[in-house]
Amino acid sequence: MLELIDTYWLYFLVGQYPEGPLGGLALTILLSGAALVLAMPLGLMLGIARVSTHRAIGLPVGALVQLVRAVPLLLVLFWVYFFLPAVTGIKTSQTATMLIVLVVFDSVYLAEIVAAGIRALPKGQLESARSLGLGYGQALRHVVLPQTLRHGLPSIVNQLVSTIKATSLGYIIGLSEVSFVASQINTLVFTQAVEVYLILALTYFVLCFGLSRLAFLLERRLQRRPVAAT
Amino acid sequence: MALFDPTILQSGQYHDWLLQGLTLSVQLTVISFAFALPFGALVAVMRTSTSKPLRAAGATLVESIRNVPLLAHLLFWYFAFPELLPESMREILYENNPEVICAVIALTLYSGVHMAEDIRSGIRAVPATQLEAARSLGLGRVAAVRLVLLPQALRASVPPLLSQTVNLWKDTSVATVIGAAEMMYQAARVETASFRSLEAFTFATLAYLTVSLLISGAAHLYQRRYPVRTAG
Amino acid sequence: MIVLDNVNKYYGDYHALVGITERVEKNDVLVVCGPSGSGKSTLIRTLNRLEAIDGGRIVIDGRDIHAKGVDVNALRAGIGFVFQQFNLFPHLTALENCMLAPVRLKRASKGEAREQAMALLDQVGLAHKADAYPNALSGGQQQRVAIARALAMRPAIMLFDEPTSALDPEMVGEVLQVMRALVRQGMTMVCVTHEMGFARDVADRIWFMAEGAILEKATPGEFFANPQHPRAIQFLADRNRH
Numbered sequence: 000m001l002e003l004i005d006t007y008w009l010y011f012l013v014g015q016y017p018e019g020p021l022g023g024l025a026l027t028i029l030l031s032g033a034a035l036v037l038a039m040p041l042g043l044m045l046g047i048a049r050v051s052t053h054r055a056i057g058l059p060v061g062a063l064v065q066l067v068r069a070v071p072l073l074l075v076l077f078w079v080y081f082f083l084p085a086v087t088g089i090k091t092s093q094t095a096t097m098l099i100v101l102v103v104f105d106s107v108y109l110a111e112i113v114a115a116g117i118r119a120l121p122k123g124q125l126e127s128a129r130s131l132g133l134g135y136g137q138a139l140r141h142v143v144l145p146q147t148l149r150h151g152l153p154s155i156v157n158q159l160v161s162t163i164k165a166t167s168l169g170y171i172i173g174l175s176e177v178s179f180v181a182s183q184i185n186t187l188v189f190t191q192a193v194e195v196y197l198i199l200a201l202t203y204f205v206l207c208f209g210l211s212r213l214a215f216l217l218e219r220r221l222q223r224r225p226v227a228a229t
Numbered sequence: 000m001a002l003f004d005p006t007i008l009q010s011g012q013y014h015d016w017l018l019q020g021l022t023l024s025v026q027l028t029v030i031s032f033a034f035a036l037p038f039g040a041l042v043a044v045m046r047t048s049t050s051k052p053l054r055a056a057g058a059t060l061v062e063s064i065r066n067v068p069l070l071a072h073l074l075f076w077y078f079a080f081p082e083l084l085p086e087s088m089r090e091i092l093y094e095n096n097p098e099v100i101c102a103v104i105a106l107t108l109y110s111g112v113h114m115a116e117d118i119r120s121g122i123r124a125v126p127a128t129q130l131e132a133a134r135s136l137g138l139g140r141v142a143a144v145r146l147v148l149l150p151q152a153l154r155a156s157v158p159p160l161l162s163q164t165v166n167l168w169k170d171t172s173v174a175t176v177i178g179a180a181e182m183m184y185q186a187a188r189v190e191t192a193s194f195r196s197l198e199a200f201t202f203a204t205l206a207y208l209t210v211s212l213l214i215s216g217a218a219h220l221y222q223r224r225y226p227v228r229t230a231g
Numbered sequence: 000m001i002v003l004d005n006v007n008k009y010y011g012d013y014h015a016l017v018g019i020t021e022r023v024e025k026n027d028v029l030v031v032c033g034p035s036g037s038g039k040s041t042l043i044r045t046l047n048r049l050e051a052i053d054g055g056r057i058v059i060d061g062r063d064i065h066a067k068g069v070d071v072n073a074l075r076a077g078i079g080f081v082f083q084q085f086n087l088f089p090h091l092t093a094l095e096n097c098m099l100a101p102v103r104l105k106r107a108s109k110g111e112a113r114e115q116a117m118a119l120l121d122q123v124g125l126a127h128k129a130d131a132y133p134n135a136l137s138g139g140q141q142q143r144v145a146i147a148r149a150l151a152m153r154p155a156i157m158l159f160d161e162p163t164s165a166l167d168p169e170m171v172g173e174v175l176q177v178m179r180a181l182v183r184q185g186m187t188m189v190c191v192t193h194e195m196g197f198a199r200d201v202a203d204r205i206w207f208m209a210e211g212a213i214l215e216k217a218t219p220g221e222f223f224a225n226p227q228h229p230r231a232i233q234f235l236a237d238r239n240r241h
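Going line by line, the protein sequences match chains Y, A and G. All residue numbers for the first sequence refer to numbering that gives the first Met the number 0, where the first residue is 0 and numbers rise by one. All residue numbers for the second sequence refer to numbering that gives the first Met the number 0, where the first residue is 0 and numbers rise by one. All residue numbers for the third sequence refer to numbering that gives the first Met the number 0, where the first residue is 0 and numbers rise by one.
Mixed in with the good hints, there may be bad ones.
Listed next, with one range per pair, are the computed distances between beta-carbon atoms [said to hold, decoys possible]:
#1 Leu37/Y / Ser193/A: 50 to 60 angstroms
#2 Trp8/Y / Leu92/A: 26 to 36 angstroms
#3 Ser92/Y / Ala165/G: 51 to 61 angstroms
#4 Pro84/Y / Leu92/A: 34 to 44 angstroms
#5 Asp5/Y / Val141/A: 45 to 55 angstroms
Rather than coming from a laboratory, the hints here were simulated on the basis of the structure. Remember, it's a predicted structure, so these values are computed and weren't measured experimentally. Where is the CB? At the ideal position from N, CA and C, for every residue including glycine.
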């Protein structure tokens, strides 16, 4: 086992870099982080639209959210990877494809987190902000969203965990993320499948469990020092 | 070549492939569900037990399975697990559709622990006083859990469990990675053979959408007919 | 200052406000009282358009507040509203709570807003709590900060919706004290309250409401000594018994 790690640790961590594009664990982490960051503004807008009292805005967004959640991520990945190039004529790389799909999925789930947070805030907060003369947009920006996002932080961290797990699907379209690299290593070594896949599982575990603990601690901190309006 | 040719979906070889894929997807869902639910209930009871070692074991199971992506589970069960089996058992496995068996194992464990968490939150939703009342009547712990706690917990758990079932249905798609010939596998196969990605993926999309919406619809109906009746 | 002209409001079939026609002059202190569900909160909330109306007009400072082209935000900036539940912004300190609107609505620079906020907090007796967050303040303190926050916009009118109803009894006094000071400064005020002692001391007029209508209006002297309407008589009798 140690020899295995010793020989392949670098490949596992960064893929073929620098002789090739970035891969392995580094790609998994970077892709997940980038997707979540890029999805934030979109998720915020969708979430605000979700709670809008104007049915023309709220309903279509709601329908879109339901649609995206009813379909497997892998299917969306296939659509973007196989079908989109046929339509646009541009052959997107596996990395770009994965990023697009992750951003779409993350925006939808973040939208739900934002919408739930806004709905959970006591009505009086918005009312008192509006009573001071602040417009709806200003009230959102300075009063509602700061509280919503603070409360939603544990959920957002959990969404990061989901994203990290979702990157594994890139394997199926040949993306060199960490599961794909592990399988490559397995093919090279051939006789140590158990060790290879246990290390893969352990890697994911440390990363994801660590982050979920962080989310849990954040949640505890939020409850002890109530940033909540009572 | 027409833009969208629905005829290939209605009959012929591609149609057959896609239908076989759909059938296997449904079978994987149903079989995995049948194993995952009792497994989940068991783990949930472990996690809420008064025995510290049992609680720790339950928590370990949940966290170690939940924090690893389904794809990695599938890879492990298909490529690594057989190596651990004695020669004779490995033979049996390889002769009997190993892709499906390994997929079911992975899906059962992965879905099972999520269901365990849903049931656990259902258990927590039942006030502690219910168990106290049951014990005060003289019921032993096991009987109290079985007759008073679990029925109420399960009713509260139904909405998240139905949601988890939708997830399970979607998760069967990942089994394609180990070569299980479910719907995604077949859709990709049709695409490779005919370059008709639009028709194949539309079929898959409609199939997934329909079943997901059916299950979610059932959840809504259930919540309307059996609202959670608390003890007042 | 405020003119209500045949204001009506319905919640579905329920007639929540019934043909309210009244005036409030500048510097007036008006107390609205009555049993629960009488429409007192609804009425006061229509004045800054937190509630819509279904009929009639509301004219504030000579302008119909529902006219086309009225900027509702500008309207609300000129009216201070104090809620029963305080509604302080928990992610901001007391000082920041008072500074938010003036700065964001461009009424003052950050420096000016800070000075003004400190002066107002001092006025309500909480200058030493300027940097405290709401969760570190008692209910009475939070409500006083809420009053300071409303005053920071230099409103011409202050509206109070049961400002002391959510407070423990020992804290009611400190809030009423702040309100009495405002009366002495000549602020035009409409207060929905159950505090009859306060009403008796500072109100210019009392409106007694029940089932959406103003059944009696009188000066405090008249109202407490010699109520006319049977519902008002009943109401005061119930109060005295407790």
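Checked hints:
At about 35 angstroms, the beta-carbon gap between Leu37/Y and Ser193/A misses the expected band of 50 to 60 angstroms. Between Trp8/Y and Leu92/A the beta carbon distance is about 32 angstroms. The supplied range of 26 to 36 angstroms therefore holds. Taking 51 to 61 angstroms as the suggested C-beta distance range, the pair Ser92/Y and Ala165/G conforms, at roughly 59 angstroms. Taking the beta carbon of each, Pro84/Y and Leu92/A are about 39 angstroms apart, inside 34 to 44 angstroms as hinted.
In this structure the supplied range 45 to 55 angstroms holds for Asp5/Y paired with Val141/A, their Cβ-Cβ distance being about 51 angstroms.
Violation of the numbered hints given earlier is confined to hint 1; every other hint is satisfied by the structure.
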